[in-house]
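Q: Sequence:
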Amino acid sequence: MHVHNAQVTLMRTTAEELRKIAGFLAAKLNKSTGPLTLLLPGGGLSLIDAPGMPFHDADAMEALFDELTKLVVQTPSRVVRRVAANINDATFAEAAASAFVEMMAMAKAP
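Those letters in the sequence shown? Residues 1 to 110, by my numbering.
None of these hints come from the bench; they were simulated from the model. Do not take every clue at face value.
Listed below are the simulated DSS-like cross-link pairs for lysine-lysine, each with C-alpha atoms no more than 25 Å apart in a straight line [to be verified]:
1) Lys31 <-> Lys108
2) Lys31 <-> Lys70
3) Lys108 <-> Lys28
4) Lys70 <-> Lys28
5) Lys20 <-> Lys70
6) Lys31 <-> Lys20
Construct all of the structure, not just a fragment, from the sequences and the given hints.
A: This is the structure:
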């Protein structure tokens, strides 16, 4: 648990909970009919789960990412990519922008 302030207390999801979340997300993503790129930020999904922060749990994050990689049916237009950066880092933003440009090009192709 992480007490942010008197009104906000956060609870970290477990590896098992994240596997279930991955199943839910993968089921939705697998229904996609257009270009889709799922970027997995290896450096954390938020500022407080980055390495050295209160919610950092490498095993739980790996459980989520492994399950998503396993369950999302990848095709030429539906891909899962790991990015070695926190979701809030410029490196991740650049990867997201590049993925967007690639998907737009796919959407325009006949």
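Q: Hints first: check each against the structure and report whether it holds.
A: Hints versus structure:
no.: 1; hint: Lys31 <-> Lys108; result: holds, 20 Å
no.: 2; hint: Lys31 <-> Lys70; result: holds, 16 Å
no.: 3; hint: Lys108 <-> Lys28; result: holds, 23 Å
no.: 4; hint: Lys70 <-> Lys28; result: holds, 14 Å
no.: 5; hint: Lys20 <-> Lys70; result: holds, 13 Å
no.: 6; hint: Lys31 <-> Lys20; result: holds, 18 Å
In summary, this structure violates none of the numbered hints.
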